[in-house]
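One-letter residues, chain by chain:
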Amino acid sequence: MKIEESTSAIVDEFGNFDDWIDKYNYLIELGKSLPLIDEKHKVESNLIQGCQSRVWLHAEFDGTNINFTADSDAVITKGIANLLIRTFSGHTPQEIMDSSTEFLNEIGLTEHLSPTRSNGMLSMIKQIKMYALAFKTKQSMS
Amino acid sequence: MDTKPDLLSTASEIEKIRAGFPILSRTVHNKPLVYFDNAATTQKPQIVIDALVNYYTSLNSNVHRGVHFLSQQATAAFEEVRGKLRDFLNAAHSHEIIFTRGCTESINLVASTWGRVNIKAGDEILISALEHHSNIVPWQMLCEEKGAKLKVCPILDDGSLNMTAFTQLLSEKTKLVAITHISNTLGTILPVKEITRIAHEKGIVVLVDGAQALSHMPVDVQDIGCDFYTFSAHKVYAPMGIGGLYGREDLLNAMPPYQGGGEMIKNVTFENTTYNDLPFKFEAGTPNVGDVIAFGAAIDYLKNIGLDFIEAHEQELLRYATEKLSSNPLIRIIGNAPEKASLISFLIDKIHPYDAGTIIDQLGIAVRTGTHCTQPLMHSLGITGTIRASFAFYNTKEEIDRLIDAIAKVESFFL
Chain A
1 MKIEESTSAI VDEFGNFDDW IDKYNYLIEL GKSLPLIDEK HKVESNLIQG
51 CQSRVWLHAE FDGTNINFTA DSDAVITKGI ANLLIRTFSG HTPQEIMDSS
101 TEFLNEIGLT EHLSPTRSNG MLSMIKQIKM YALAFKTKQS MS
Chain B
143 MDTKPDLLST ASEIEKIRAG FPILSRTVHN KPLVYFDNAA TTQKPQIVID
193 ALVNYYTSLN SNVHRGVHFL SQQATAAFEE VRGKLRDFLN AAHSHEIIFT
243 RGCTESINLV ASTWGRVNIK AGDEILISAL EHHSNIVPWQ MLCEEKGAKL
293 KVCPILDDGS LNMTAFTQLL SEKTKLVAIT HISNTLGTIL PVKEITRIAH
343 EKGIVVLVDG AQALSHMPVD VQDIGCDFYT FSAHKVYAPM GIGGLYGRED
393 LLNAMPPYQG GGEMIKNVTF ENTTYNDLPF KFEAGTPNVG DVIAFGAAID
443 YLKNIGLDFI EAHEQELLRY ATEKLSSNPL IRIIGNAPEK ASLISFLIDK
493 IHPYDAGTII DQLGIAVRTG THCTQPLMHS LGITGTIRAS FAFYNTKEEI
543 DRLIDAIAKV ESFFL
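Protein sequence lines correspond, in order, to chains A and B. Here the first sequence is numbered in my numbering, starting from 1 and rising by one per residue. Here the second sequence is numbered in my numbering, starting from 143 and rising by one per residue.
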C-alpha cells in the first residue's frame with residue numbers, strides 16, 4: 001500500500017469518531033495492539049529525545065525498504081507510534097522522505113495532542129525521516 | 143473579636159475571589175476550566191492585569207535619572223514596589239531587594255557573582271535531592287568551573303529532608319547551602335530556619351529557593367535568617383518575567399556586579415568604571431518597570447486577602463484531596479511529609495502519567511505530568527514522572543471532586 005493510501009485510510013477511520021472519547025479509545029486500542037518490539041532494541045540509543053514518555057524507535061533497512069518497530073511506556077504514545085509505523089514501515093527511503101504528514105492534522109491529532117515535546121509525535125516523525133535520509137545516503141554510497 | 147470564618151462564609155469568599163480572576167471562567171475542551179497547575183504558574187487577578195495595562199496606558203516612562211514628570215512618577219511607583227517587597231519579606235532594607243527576571247536568574251546571579259568570588263577548588267556546595275533544576279544546574283556549572291564539589295543531601299521516604307544526613311554532610315569545605323523552601327514536586331515544606339541555623343553555626347552561607355513558598359505562606363527572611371532568598375512573581379499571581387533576589391546587605395555589597403550596562407554604574411570612562419550602590423549595582427539595563435508595578439499590585443492583593451486565610455483554605459484543600467485520593471487503592475501519593483504545601487504528586491497504578499494527564503486534560507482539568515524539572519529526584523524515587531495537582535486559594539473542593547471523577551474516567555480508559 002502506498003503511503004498516501006495508508007494515510008487516507010487513517011483519515012477515514014478517524015472520520016468515524018464523533019467525539020474525543022471514541023478517538024482516544026481507538027488510539028489506546030492501537031497502542032495496545034502495537035506489534036511487540038524485540039526487547040534488544042529497547043536501548044538508550046533507540047530512545048527518542050524530547051518525549052514525556054519513553055519512546056524507542058528501531059529501524060532496519062533491507063536494501064530496498066525500511067521497517068520500523070517501536071515501543072513506549074505510555075499507551076497513547078504507543079497508539080501514535082502504531083499509526084506512524086503503519087504509514088511509513090515497508091517503504092523506501094525516498095518514499096518516506098517525499099511523504100506528507102498532513103494527515104495528522106486532518107485526524108485532529110495535532111489539535112488534541114499538542115505538537116510540543118509532550119507526546120513526542122513530531123520527534124518520532126523527525127526520527128523516521130532522519131532514518132530515511134541516513135539509509136538513502138548509505139544506499140547511494142554503496 | 144478574632145473569629146474563624148465558617149465554611150459557608152469561606153465558600154462565598156472564594157466565589158468572590160474567583161470572580162476576580164477572568165481566566166477562571168473560561169472553558170477548555172468545552173468544559174469549565176479547573177486549573178490545578180498553580181505550582182507551574184498562578185493565574186492573574188484582574189487587578190494585576192489592570193495595573194499592567196494602566197502602567198502602559200498612563201505611566202510608561204524609563205525610570206531613574208529622568209527629570210520629567212512621567213519618569214519621576216514611574217520611578218516612584220517602581221521603587222515603591224521594592225519597599226512593598228521589603229515589607230512582604232520583612233527584609234531589613236529595601237536595597238536588599240534586587241529585581242531579576244525570576245527565581246532562575248536570581249540563583250544564577252548569586253552563582254556568578256558571590257560564587258565567582260567565594261567558591262574555590264576543593265570547596266563544597268550542598269543542595270538537597272528535592273531541588274528544581276534551576277537550583278542544581280547553576281551550582282553544577284560553578285563547581286565545574288572552579289573545581290568545587292556539589293553534594294546532595296538525601297530525603298527520607300516520606301519526602302522530608304534527612305536532617306541527620308544534612309548535618310553530617312556539612313564540612314569544613316562546605317561554603318554554601320542552596321536549598322528549596324518548598325519542593326515543587328512533593329510539596330514538602332523544608333525547615334529552612336533550622337537548616338540556616340545549623341549552617342550558620344559553621345559559618346556557611348545559605349540560599350533559599352522560595353519559588354514555591356511566597357504564594358502559600360508568610361515568609362520572613364530575617365526570621366529564617368538566610369543570606370539569600372529567591373522568588374518569581376508569576377508564581378505569586380503577578381506577571382511572568384519578573385522576580386527577585388533578597389540578599390543580606392553586607393554580602394551584596396561585597397559581591398561583584400552581575401551584568402554590566404546602564405543603571406549599574408556611577409561613572410564610566412573608557413579606562414575605568416565605578417559601580418552604583420545597592421540595589422542598582424545588580425540591575426543593569428532598563429528594568430521591567432510595568433511588570434514590577436503589576437507585581438506590587440499582586441502583593442497588595444495578597445495582603446488584602448490575607449496569607450493566613452490563604453494558608454488555611456489551601457491546607458483544607460490539601461487535606462480534602464489527600465483524603466479523597468488516598469481512598470482509591472490504585473493511587474499512590476508521592477511525598478507524605480508532615481509539613482506540605484497545597485500540592486499533591488501521585489501515580490495511578492499501571493497507568494503512565496502522560497496517558498492520565500492527556501485524558502484529564504480532555505475533561506477540562508489542567509494538571510502537570512512528567513518530571514516537574516526535578517529529574518534527579520525522580521531518579522532517586524525510582525519513578526519516571528508523576529501527575530501533580532497544585533492548588534491555589536481560588537480552587538474549591540468541587541473542583542477536587544471533578545479531578546476525582548476524571549481519575550475514575552482515566553481508569554475506565556486504560557484498565
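Since the hints were made in silico from the structure, they are not lab data. Be aware that one or more of the hints could be misleading.
[Said to hold, decoys possible] Examples of chain B residues lying across from chain A (beta carbon under 10 angstroms, computed):
| hint | residue |
| --- | --- |
| 1 | Phe163 |
| 2 | Ser167 |
| 3 | Arg168 |
| 4 | His171 |
| 5 | Ile493 |
| 6 | His494 |
| 7 | Tyr496 |
| 8 | Thr500 |
| 9 | Ala508 |
| 10 | Gly512 |
| 11 | Gly527 |
[What the hints assert, rightly or not] With a cut-off of at most 16 angstroms between alpha-carbon atoms, the simulated EDC-like pairs for lysine to aspartate or glutamate come out as follows:
| hint | chain 1 | residue 1 | chain 2 | residue 2 |
| --- | --- | --- | --- | --- |
| 12 | B | Lys315 | B | Glu336 |
| 13 | B | Lys492 | A | Glu13 |
| 14 | B | Lys315 | B | Asp265 |
| 15 | A | Lys23 | B | Asp503 |
| 16 | B | Lys539 | B | Glu266 |
| 17 | B | Lys226 | B | Glu465 |
| 18 | B | Lys539 | B | Glu465 |
| 19 | B | Lys226 | B | Asp362 |
| 20 | B | Lys317 | B | Asp265 |
| 21 | B | Lys173 | A | Asp73 |
| 22 | A | Lys2 | A | Asp73 |
| 23 | B | Lys551 | A | Asp22 |
The structure displayed is predicted, hence computed values, not measured ones. Glycine included, every Cβ here is placed at the ideal spot set by N, Cα and C.
Verification of the supplied hints:
1. Interface hint at phenylalanine 163 (chain B): violated, since its Cβ lies 24 angstroms from the closest Cβ of chain A, which is beyond the 10 angstroms cut-off.
2. Here the hint on serine 167 (chain B) is broken, as its CB sits about 22 angstroms from the closest CB of chain A, past 10 angstroms.
3. A distance limit of 10 angstroms between C-beta atoms decides the matter here; for arginine 168 (chain B) the minimum to chain A is near 17 angstroms, and the interface restraint is violated.
4. For histidine 171 (chain B), the interface hint holds, since its Cβ comes within 10 angstroms of a Cβ in chain A; the closest pair sits about 7 angstroms apart.
5. Hint status for isoleucine 493 (chain B) relative to chain A: holds, with the closest Cβ pair at about 8 angstroms, below 10 angstroms.
6. With a least beta-carbon distance of about 4 angstroms to chain A, the hint placing histidine 494 (chain B) at the interface is held under the 10 angstroms criterion.
7. Below 10 angstroms, beta-carbon pairs count as interface contacts, and tyrosine 496 (chain B) has one with chain A at about 4 angstroms; its hint therefore holds.
8. Annotation: threonine 500 (chain B) was flagged as interfacial toward chain A, and the flag holds, the nearest CB pair being 5 angstroms apart, inside 10 angstroms.
9. Checking alanine 508 (chain B) against chain A: minimum C-beta separation of about 12 angstroms lies over 10 angstroms; hint violated.
10. Because the closest C-beta pair between glycine 512 (chain B) and chain A is about 5 angstroms apart, less than 10 angstroms, the hint holds.
11. For glycine 527 (chain B), the shortest C-beta to C-beta distance to chain A is roughly 7 angstroms, which falls under 10 angstroms, so the interface hint holds.
12. In summary, the hint linking lysine 315 (chain B) to glutamate 336 (chain B) is not supported, as the alpha carbons are separated by about 20 angstroms, beyond the 16 angstroms threshold.
13. Only pairs whose Cα atoms come within 16 angstroms are accepted, and lysine 492 (chain B) paired with glutamate 13 (chain A) is rejected, the gap being roughly 28 angstroms.
14. Restraint check: the Cα-Cα separation between lysine 315 (chain B) and aspartate 265 (chain B) comes to about 5 angstroms, which is no more than 16 angstroms; the hinted pair holds.
15. The hinted pair formed by lysine 23 (chain A) and aspartate 503 (chain B) meets the criterion: a straight-line CA distance of about 14 angstroms does not exceed 16 angstroms.
16. Of the supplied pair hints, the one linking lysine 539 (chain B) and glutamate 266 (chain B) is violated, its CA atoms being roughly 45 angstroms apart against a limit of 16 angstroms.
17. Between lysine 226 (chain B) and glutamate 465 (chain B), the direct Cα distance comes to roughly 38 angstroms. Violation of the 16 angstroms bound is thereby established for this hinted pair.
18. Restraint check for lysine 539 (chain B) and glutamate 465 (chain B): the C-alpha separation of about 12 angstroms stays at or below 16 angstroms, so the hint holds.
19. Pair hint lysine 226 (chain B) plus aspartate 362 (chain B) holds up; C-alpha atoms about 13 angstroms apart against a cutoff of 16 angstroms.
20. For the proposed pair lysine 317 (chain B) and aspartate 265 (chain B), the alpha carbon gap of about 6 angstroms is at most 16 angstroms, so the pair holds.
21. The suggested pairing of lysine 173 (chain B) with aspartate 73 (chain A) is violated, with an alpha-carbon distance near 29 angstroms, which exceeds 16 angstroms.
22. In summary, the hint linking lysine 2 (chain A) to aspartate 73 (chain A) is not supported, as the alpha carbons are separated by about 30 angstroms, beyond the 16 angstroms threshold.
23. At most 16 angstroms may separate the alpha-carbon atoms for a hinted pair to count; lysine 551 (chain B) and aspartate 22 (chain A) meet this at roughly 13 angstroms.
The structure shown violates the earlier hints numbered 1, 2, 3, 9, 12, 13, 16, 17, 21 and 22.
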